[in-house]
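Peer 1: Construct the complete structure from the given sequences, taking the supplied hints into account.
Number of protein chains: 2
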Amino acid sequence: MQEIIKQIKHRNNSKIVLCVLDGLGGIPVKGKTELQAANSPNLDALANQSECGLHIPVMRGITPGSGAAHLGLFGYDPVRNEIGRGVLEALGLGIDIGPHDIAIRGNFATVEYKDTNPFVTDRRAGRIPTEENKRIVKKITGNIDKIGGVEVKLYSGLEHRFVVVLTFKEKVSPEFDLINDTDPQETGKSPLSPVGKNNKSERVANIVKELVEEISKILRDEEKANYILLRGFSAHPQLESYDEIYGLNACCIATYPMYKGVSKLVGMDILDIEGNTISSEVDTLKKEFGNYDFFYMHIKKTDSYGEDGNFKSKARVIEEFDGLLPEIESLNPDVIAITGDHSTPSKMKSHSWHPVPLLIYSGNCRNHKLKGFYEEECHRGELGIINSTDIMPLLLAHSGRLSKFGA
Amino acid sequence: MQEIIKQIKHRNNSKIVLCVLDGLGGIPVKGKTELQAANSPNLDALANQSECGLHIPVMRGITPGSGAAHLGLFGYDPVRNEIGRGVLEALGLGIDIGPHDIAIRGNFATVEYKDTNPFVTDRRAGRIPTEENKRIVKKITGNIDKIGGVEVKLYSGLEHRFVVVLTFKEKVSPEFDLINDTDPQETGKSPLSPVGKNNKSERVANIVKELVEEISKILRDEEKANYILLRGFSAHPQLESYDEIYGLNACCIATYPMYKGVSKLVGMDILDIEGNTISSEVDTLKKEFGNYDFFYMHIKKTDSYGEDGNFKSKARVIEEFDGLLPEIESLNPDVIAITGDHSTPSKMKSHSWHPVPLLIYSGNCRNHKLKGFYEEECHRGELGIINSTDIMPLLLAHSGRLSKFGA
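In order, the protein sequence lines correspond to chains A and B.
If you use my numbering, the first sequence corresponds to residues 1 to 407, in order.
If you use my numbering, the second sequence corresponds to residues 1 to 407, in order.
A few of these clues could be false.
Which copy is meant is left open, so a pair is good if it fits within one copy or across any two.
[Unchecked claim] Lysine-lysine pairs mimicking DSS-like chemistry, simulated, CA-CA at most 25 angstroms apart:
no.: 1; residue 1: Lys347; residue 2: Lys9
no.: 2; residue 1: Lys286; residue 2: Lys264
no.: 3; residue 1: Lys15; residue 2: Lys349
no.: 4; residue 1: Lys30; residue 2: Lys371
no.: 5; residue 1: Lys371; residue 2: Lys32
no.: 6; residue 1: Lys139; residue 2: Lys209
No lab work stands behind these hints, which were simulated from the structure alone.
Peer 2: Now the structure itself:
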């Protein structure tokens with residue numbers, strides 16, 4: 001898909017705003033989904049003027065994580081462009097991951113030595129406090145900064161978790177990260193030795209082996225966190241940018257690190273937001289509206305309350321967004337799209353596979369005059385059920401940025 | 001798709017019942033399809049609580065055979081995993097085909113010899129009676145049991161038809177069966193010599209050549225059936241099992257050999273049924289409900305009456321199933337799916353390409369409150385029009401057996 005778009009895209013002065021209410025889709029509780037229950041007159045009025053439908057984030061029946069779901073929204077096939085666990089963990093901590101980086105998820109663990117061989121007795125080092133974690137990371141980074149010419153950085157996460165970033169002189173490729181986890185997944189076993197599946201990953205594995213040894217020496221006297229276990233080796237995914245593929249000068253308006261991180265992977269500028277509310281996001285949108293073509297705006301709390309099983313609060317976040325929608329509309333963007341990255345039904349308290357409501361507004365819409373913006377009406381909408389990766393071509397089409405395909 | 005499912009599937013204690021009413025879909029006669037005309041209050045009530053839609057067995061416009069259609073329902077791409085004609089014919093006769101087997105469809109034929117060369121005068125040996133066929137097969141198998149270390153078995157079909165099964169010491173692969181039919185398709189011509197397209201099939205072709213010669217000697221004095229013509233060389237398809245892909249301990253409740261055969265190919269246990277009715281199938285389901293995760297139940301007569309053009313009887317089979325549905329529901333399976341493998345509209349007296357009504361019931365459904373279970377209402381349903389291969393991921397999702405894709 002992106003290959004075709006690249007060939008037929010052209011630039012113009014149009015503006016596209018994509019609002020992603022995380023986990024927006026629901027299933028009914030007492031006969032209504034969150035979108036149905038919410039009092040959202042502005043969304044309903046816009047749906048009545050727009051093309052609506054539902055999108056499948058990855059595949060029928062597949063419940064996506066946030067990274068995969070966002071790749072789909074951004075038009076990148078989430079199966080072929082899977083972002084590794086290490087990179088996602090790093091993005092979630094707000095760590096910048098660049099084209100030269102491999103990111104790895106780490107646990108501090110407790111081992112006992114028999115002769116000189118370590119055996120894991122606690123895979124999470126008793127879930128040491130985050131402050132302890134920070135002290136230990138400082139101790140390590142004070143002693144190690146490079147191994148075999150490769151820069152090594154450690155970043156504390158919560159409790160026993162941390163992230164390792166290896167920075168190479170050259171750009172990394174997917175061949176670099178074909179390395180087994182060193183976490184044996186069971187206590188009583190020895191940590192596994194990292195082994196690469198090809199020349200490039202073998203080189204990385206050797207660096208990691210040395211790193212694990214060095215760190216085990218530094219941590220030898222720690223009571224609990226005396227070893228590290230590593231998982232999810234993953235190279236920077238080297239995605240082509242929004243500018244290269246779509247010809248869009250794009251920016252991200254989001255408050256959570258993970259979403260800023262994925263946006264950065266596709267070449268969006270990350271905008272500063274004063275505050276933590278939807279209202280402050282809309283303020284940023286207004287302020288920067290002259291400076292970009294494409295605005296990705298992320299609203300987190302619909303998902304958080306869905307995960308909590310808090311139906312009413314999820315509906316209330318929708319209402320809060322609805323109240324601010326007129327301010328977005330008053331900017332007169334050429335295209336407004338409103339959707340979720342996936343469904344998070346409060347009833348299930350988790351992400352789900354259910355298709356996600358989608359609204360696309362522009363001056364060139366068919367019009368089924370929907371009664372409102374919710375799952376069943378969207379199903380009656382103009383777009384039907386589409387793949388998430390179809391959304392970007394539609395937004396470009398509605399903004400007049402695609403030439404004819406073929407003569 | 002199955003590659004992804006394999007990675008994210010996990011086991012739990014849920015139960016899934018998939019009821020396949022063969023050839024279920026129809027087209028209207030006097031304004032109603034068979035499903036619409038049938039008085040089926042239980043199906044209608046369940047549809048009102050379920051997610052419904054329609055599925056495309058293979059591709060738009062493609063009318064599938066039963067083997068291909070069932071592969072799709074079972075989640076195996078029916079184009080990439082085509083089951084050979086020989087294997088399908090064998091399964092239809094209730095012959096067990098294993099990973100070491102190649103199956104071939106055979107016709108007894110009449111040839112005349114000019115010098116020593118045979119020329120086909122009747123490709124079906126005057127459609128000899130089945131009893132004659134049995135006598136001749138016995139005569140052959142009394143004289144041949146192995147050629148070149150490969151076991152040879154013949155099985156009588158109806159009239160002039162039979163099946164040959166070659167059993168190798170090693171597992172066969174798709175490379176083994178690239179051999180031309182020996183049937184020249186016209187009288188007056190000589191049977192064709194079997195030729196392989198690679199080393200492996202060349203070896204098989206040589207065995208078959210010897211087999212044909214041996215049999216022609218044994219049948220030399222037969223009045224009509226004095227030669228054999230062979231078609232549809234096909235190796236066991238070596239499909240990964242339900243257990244390997246989906247983590248499901250699955251069984252098949254069916255009365256016809258063909259459906260048991262395809263189920264066996266995907267690793268299902270074939271359950272005994274006392275009797276030949278839908279009611280006896282439901283009895284088996286009840287009896288074995290504690291022993292499996294996944295129950296595939298096949299109802300044949302909807303298709304048979306469709307093929308006969310018998311609209312009323314097809315509707316009556318739907319009513320018979322409807323009457324038994326409460327017994328299935330009373331087992332409280334976590335997921336109930338009801339569909340067909342393809343459409344068999346009575347009006348057409350044949351299989352067709354029309355999308356097939358589909359119902360999926362679980363505790364996590366969206367709900368459009370359909371008025372009933374029939375084609376047009378299903379089109380209004382939550383699922384829209386999907387591929388048959390999407391059904392298995394949906395059933396696994398609804399039963400809580402899939403983890404998130406991506407973090």
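Peer 1: If a hint holds in the structure, say so; if it does not, say that too.
Peer 2: So, going through the hints one by one against the coordinates:
For the homomeric pair Lys347 and Lys9, the shortest alpha-carbon distance between copies (22 angstroms) is at most 25 angstroms, but the shortest distance inside one copy (42 angstroms) is not. Taking CA atoms no more than 25 angstroms apart as the test, Lys286 paired with Lys264 passes inside one copy only; the shortest distance there is 21 angstroms, against 55 angstroms between copies. With identical chains, the CA atoms of Lys15 and Lys349 are at most 25 angstroms apart between copies only, with a shortest distance of 22 angstroms across copies and 35 angstroms within one. Taking the shortest alpha-carbon separations for Lys30 and Lys371, both the intra-copy value of 20 angstroms and the inter-copy value of 19 angstroms come in at or below 25 angstroms.
Taking CA atoms no more than 25 angstroms apart as the test, Lys371 paired with Lys32 passes in both settings, with 15 angstroms inside one copy and 18 angstroms between copies. For the identical chains of this complex, Lys139 and Lys209 are intra-copy neighbours only, at 19 angstroms inside a copy versus 70 angstroms across copies, given an alpha-carbon limit of 25 angstroms.
The structure shown violates none of the earlier numbered hints.
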